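Given only the sequences and the hints, what does the whole structure look like? Please build it.
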Amino acid sequence: MRPDRSWVLPLCWTAVLLDGFDLVVLGTVLPGLLAGHVWGLTPATAGLVSSAGLVGMTLGALAIGTVTDVIGRRRALIIAVAIFSVCTALCAVAPSALVFGALRLLAGLGLGGCLPTAITLVSEHYADRGRSSSATTTIMTGYHVGAMLTALLGLVVLPQLSWHAMFVIGALPALVLVPLMLRHLPESRSTGQPVRSAEAVASLFRGRVLLATLAFWVTSFMGLVLVYGLNTWLPEIMRQAGYAMDTGLALLLTLNFGGVVGLLVAGRVADRAGLRRPTIAWFAAAVLFLALLSVRLPVYGLYVAVFLSGAFVFSAQVLVYAYVARVYPQNSRATALGWAAGVGRLGAITGPLVGGWLLSAGIAYPWGFYVFAFVAAFAAGSVSLVRSRRDTVVTA
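According to the numbering used here, the sequence shown is numbered sequentially starting from 166.
Hints are computed from structural coordinates only; laboratory data are not their basis. This structure is a prediction, so every number in the text was calculated from the model and none was measured. Every residue gets a Cβ at the ideal spot worked out from N, C-alpha and C, and that includes glycine. Some clues are possibly wrong.
[Unchecked claim] If you anchor each label on the Cβ, the simulated ranges turn out as follows:
#1 329 - 531: 39 to 45 Å
#2 370 - 469: 41 to 47 Å
#3 201 - 407: 27 to 33 Å
#4 535 - 347: 47 to 53 Å
Following this line, the structure appears as structure tokens:
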């Protein structure tokens, strides 16, 4: 491997790990903020703050993903990491809930642009080695590793320090990561020419690409309904099912650990079998194991079912991103990924809302898992509409 390319995977993996940090950090500090009546925070205003970050991610994916096709992958990724890190550090000194929510919104802009840009950069660097799928799923393990590390970090840091420390710690990696990116991260190896932003977006709706665009949007939306719905409500659903609270938290870690293992397996399968069939099969397997969770299982069986659910749900969503990177031409690839991820972030907002409604209605167990299984089945059906010969690039 050439020296310049050897930096691409670890730097992009670390950038995606920060996205995983953001997935969990608010959930770790909110109980303390509410209990301490910080800024007079209530559950309702806490919900608005949480939504602000997700809205920022949606806008960031739509905007920065498109800009990436204009200014280049390298520059866009560095800007995204810098925006997230600065705003996260400022969250530690926010004087009010309004300012805190605004900073979460701005941090979301950087995070939303980080993911599609990192995936595009990695997939283009490894495409000529036939490893673009496994490289993409490998960097996405950073997402779940970040989520697990942040949950564990909260258990250690919060009893000893205040909630401010979590945001300071989340911003510190940028002090090392950004200089390393500036020095070692190469630009994409692809040879396509930069295009205007409007032209890049318009190319997603021309000819044969139109159906793929719509199918990817629906699939990404459904996939993130599952990812965020399960990460938000799995412990509480299991508590309603009669399991102990510590069991629910352990199951959440098991779910994300399954996601890491599933990503490593899915990438290698996709490198050998292409992306269409594994993506459909992974969502179909998710249907099976999510439905199985509606049955009261022995403890060991429950952990196995949750592990396999995480393995298929989380890696299926990442296979969608890898599939997008394979289907679209180079000069609109990051735009396509950005919009797929941006529409998917709407699913990230919807998933917790659906889970909350089911819990409020008192039917989260077992009906919540039936709903999630239906969502996975819908995703399998929508992604099956994408057809490109042997997963090669299609053009408008």
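Checklist entry - Hint by hint, which ones does the structure fall short of? => result none
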